[in-house]
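Order-wise, the sequence lines are chains A and B. Note that my numbering has the first sequence beginning at 1, numbered continuously upward. Note that my numbering has the second sequence beginning at 1, numbered continuously upward.
Source of the hints: derived by calculation from the structure; they are not laboratory data. It is possible that some hints are incorrect.
[Stated by the list, open to error] FRET-style restraints, in silico, Cβ to Cβ:
(1) A:Gly277 to B:Gln161: 30 to 36 Å
(2) B:Leu381 to A:Gly277: 34 to 40 Å
(3) B:Lys264 to A:Ala120: 57 to 63 Å
(4) B:Gly267 to A:Lys317: 54 to 60 Å
(5) A:Asp100 to B:Gln161: 37 to 43 Å
(6) A:Asp265 to B:Lys30: 29 to 35 Å
(7) B:Leu381 to A:Val87: 38 to 44 Å
(8) A:Pro264 to B:Lys50: 26 to 32 Å
(9) A:Leu234 to B:Gln161: 21 to 27 Å
(10) B:Asp420 to A:Arg250: 55 to 61 Å
(11) B:Gly267 to A:Val297: 55 to 61 Å
(12) B:Ser390 to A:Arg250: 31 to 37 Å
(13) B:Ile14 to A:Asp265: 23 to 29 Å
(14) B:Cys313 to A:Met274: 28 to 34 Å
C-beta: ideal position from N, C-alpha, C; glycine also.
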Amino acid sequence: MTEDELINSYPHKHLLGIEGLLPTSINFLLKSSNNYVDYLNNKKNGKLDILKNKICINLFFENSTRTRTSFELAGKKLGADMLNISVGTSSIKKGETLIDTAMTLNAMQPDILVVRHHDAGAVKLLSEKVNCGVINAGDGPHEHPTQALLDALTILKRKKKISGLKIAICGDIMHSRVARSNIHLLNTLGAEVRVIAPATLIPKGIESLGVNIFYDMKSGLKDVDIIIMLRLQLERMSGSFVPSIREYFRFYGLDREKLNFANPDALILHPGPMNRGVEIDSELADDIDRSAIFEQVQMGVAVRMACLKAIIDHKLKAND
Amino acid sequence: MIKKDNPFNSDKKISKKYLLKNGSIIDVIKNRIIKEDLYIKNKVVEKIGKNLSKIVDEDTEIIDCKNLFISPGLIDMRVNISEPGHEHKETIKSASMSAASGGITSLICMPNTIPPIDQPAIIHSIQRKAREVALSKVFCTGCITRNFKGEEICELHLMKQSGAVGFTDGIKSIENTRVMRRALNYAKSFDGLIIQHAEEHNLSANGVVNESETATRMGLKGIPSYAEPMIVERDLWLVKETKCRYHVNHISTKETVEIIRKAKKLGLPVTCDTSPPYFTLNELSLEDYRTFSKLNPPLRGEEDRLSIIEGICDGTIDAISSDHTPQDQDAKRLPFNQAEFGGVGLETLLSLSLNLVKNKYISVEKLLKLLTVNPAKILNLDYGIINEKSEADISVFDLSKPWKINPESFFGKSKNTPFDGMLVEGKNIMTFVRGRLVYRL
C-alpha cells in the first residue's frame, strides 16, 4: 500500500477496535468525520446516496439508545437500507448460538453489520464468520471504537489538536470499553492520558496501556485540558466496588470545586447516559462553556457516517 | 487541686503548669533514658532540661519524680468501649477513668457498638462524648463492612475524613476473600489502614478454647491455633498485590509471629499487635473452668506464649494493646460454653507489659515503644513521643511498685480480668492529657 493510500483510506475490512490502528487510519476517519459534520450542519443538505442499495444491519445484543439511533441515522443519511435487530426480538432468546445467528444473517447478504454484545471478543468472533464488514458498537468492557473517535473529534473541534493535551479519564475504568478505546486512541495521537478512580475500579496492569494512575481528583486533575467522565452503574455503588453514591460523589464526582483543579479552560466530556449527582454535578453538565456532552452526540452521527463509508469503500476496493 | 478521694480531674478550665523534677524521661525515638526535668505549660511540653526550677513561672506546681519514669502517654489500639449500646458493661466515662488510671492517654475504640460505627455521624457523637468526659483522647475505628456481614463495604473514605484511624470488623474476620481484596484495594486509594481480627470462622465455629490436650481433658470444643495464621497468610497475598497498609490485632500464635516476621522481611506494609494475656498466660489458666480466662483469640500453649515474647523483643510485634472487652457479671457467670469471650485490660496493660522488663526480656525504653510511638505511627497519630512543643500526653510510673491485681479496685464498670489476684510490679502514678493532670494515684 502506498503512503498516499495509507493517508487517504481506511485499510481494514472491519472496525473492531482502536488498538492496533495506525495514526494515519485514525486521522483519516477523523478527517472524513469532520467533513460530515459540515454536511450535517447545513440543514438544506438532503440524503446522500453513498450507501444506496446497501444493507446495513444493527445487531444489538445489549440495550442501547444513543449508539443504535446514531448508527441508524448515520446509515439513513448515507442512503443505506437500515435494519435493526435487538436481543428482545431475536432468536438468541430461543437458544440460538452467536455463530448460528451470524450465519443466518450472513445468508441475507448484508453489506455491513454493526454489532454490540455484552461479551468481550464476541464481535470479533462474529466478524470471522460473516462475509460483510463489521463495526464494533461495543463489546463488553473491551472496545467501543466509534465512541473514542467521536470523543476525539469533539476534542479536535474545541482544542484544534490532540497531541500534547493532558487528558484525564475518571470513573469506572474497570468496566469501561469507552476508557479502553479512548486510551488507545488518545495515546496513538500523542496525548498524555491519566485515569482517576478508586483502586477498586482500576483494572490491573492498566498502566502498561500507557496511562498514569491517580486515586484522587486533586492531583489527577492538575493541569488537565480534557476530563472524560465515565458512567458508574448504580449496581456497582452499594458496597461492592464503591460504598455508596454519596461517598463516590464526594470524592470522585465532578463539581465546580474539583473542576478548579484542572486547567481554567478544561473541557468536560461524558459518553452518556449521565448519572447526575453521581459522577457529575447537574449544573456543570449543562454548562456549555465547560461541557461538550451534547456536542458529542452530534459528532457521533458524523463519525458513524465516516465509519460506514470507510467500510463500504474498502469492500468496493476489494471487489475491484 | 485534686481531692484525695477523687483521683480524677476532668475540669477542662484548670490550666496549670507543672514541673516534673528528677524523673527519668523515656525517649522512645532514640531508645534512651534522659535524667532531666520536664516543664509542662499551655498543654505542651514547654521545655526539657537540667535544673528547670529557676526558669519556670511562679505558679508552677513542682512534682518530685525521683525514681519514677516519665513516659509518653500510652496509646491503646484495641478497646471495646461498649458505648453506645452496652452502657451497663462500660461507658466512655468509665473506660476513660480506667484508661487514665492505667497511664493510657489515647484509646482506639472498636466499631462493634450499637449502632456500629459505620458512618461519620457516629464517630462525631462518640468524640463529642469523649470531649465532655475529658479524661483521655478517644479515636474510632470504623466497620469495614455493613453490619459486620462481610459483604458490602462501608463508607470508609468519609469515615476517615471524620477521624476514623483504621477499619476493622472488630471481632469478625472478613471471610470472603473477594470482599477483603476490595476493602484493601479501596482503602489503598486514600492510604487507609485495614485492621484484621484473624480467625477462620468456619474452623472456629462453636469453639471456646484452644484446641489441645487441655481442651480435650476439659471436654471443651477447641479452636485450632492455625485458624489465626491461615487468615493472615491469605491476607498477605492480597496485601502483596494491593500494597494497602494492613494490621493484625491481638495475635496469639507462634505461626502468626513467624508469618508476619517473614512478610516484614519482604517489605510488605504489615504490622501487628498482641495483648498481655498472650504473653502472660497460657491455656492452663483455664483450670476450674474460669470464664474470665475465656478470651478471643483463646489462650494458647506455652510455646505460643514464648513465641509472642520473642516477637515483641525482635520487633515483629509492633504494639501491645489491652484488647479491653468488658463483660458484666451475668455474661461471665455461666457454664464455660455459654459465657461471653473477653477480659478487661485498660488498668493492667502497663503493669503486665512491664513484667517483660522485670523478667529481663526487654529494656523499659524499648518496651514503651510498643505502647506509645509504634501504635501512633501505625494509626498516623501525632502522639506517643515526648518532645519540646509536643502535646503533653504523659504517664508517670513507678517501675518497682508492687501491687496485687484486685478487680474490686478497678474504676471500670466491668471487673472481668483474667489476672485476678496476680502479683505484679510497676504502676502508673500520674497521667497527663494535653498538659492537664487527669489522674493522680
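Status of the hints after comparison with the structure:
1. A:Gly277 to B:Gln161: 30 to 36 Å: violated (19 Å)
2. B:Leu381 to A:Gly277: 34 to 40 Å: Since the Cβ atoms of B:Leu381 and A:Gly277 sit about 35 Å apart, the hinted range of 34 to 40 Å holds.
3. B:Lys264 to A:Ala120: 57 to 63 Å: violated (40 Å)
4. B:Gly267 to A:Lys317: 54 to 60 Å: holds (58 Å)
5. A:Asp100 to B:Gln161: 37 to 43 Å: violated (54 Å)
6. A:Asp265 to B:Lys30: 29 to 35 Å: violated (53 Å)
7. B:Leu381 to A:Val87: 38 to 44 Å: At roughly 56 Å between Cβ atoms, A:Val87 and B:Leu381 fall outside 38 to 44 Å, so the hint is violated.
8. A:Pro264 to B:Lys50: 26 to 32 Å: Between A:Pro264 and B:Lys50, where Cβ atoms are some 58 Å apart, the hint is violated.
9. A:Leu234 to B:Gln161: 21 to 27 Å: Taking Cβ atoms as reference, A:Leu234 and B:Gln161 lie about 23 Å apart, which means the hint holds.
10. B:Asp420 to A:Arg250: 55 to 61 Å: violated (48 Å)
11. B:Gly267 to A:Val297: 55 to 61 Å: Between B:Gly267 and A:Val297, where Cβ atoms are some 50 Å apart, the hint is violated.
12. B:Ser390 to A:Arg250: 31 to 37 Å: holds (33 Å)
13. B:Ile14 to A:Asp265: 23 to 29 Å: violated (57 Å)
14. B:Cys313 to A:Met274: 28 to 34 Å: Distance hint for B:Cys313, A:Met274 is violated at roughly 59 Å.
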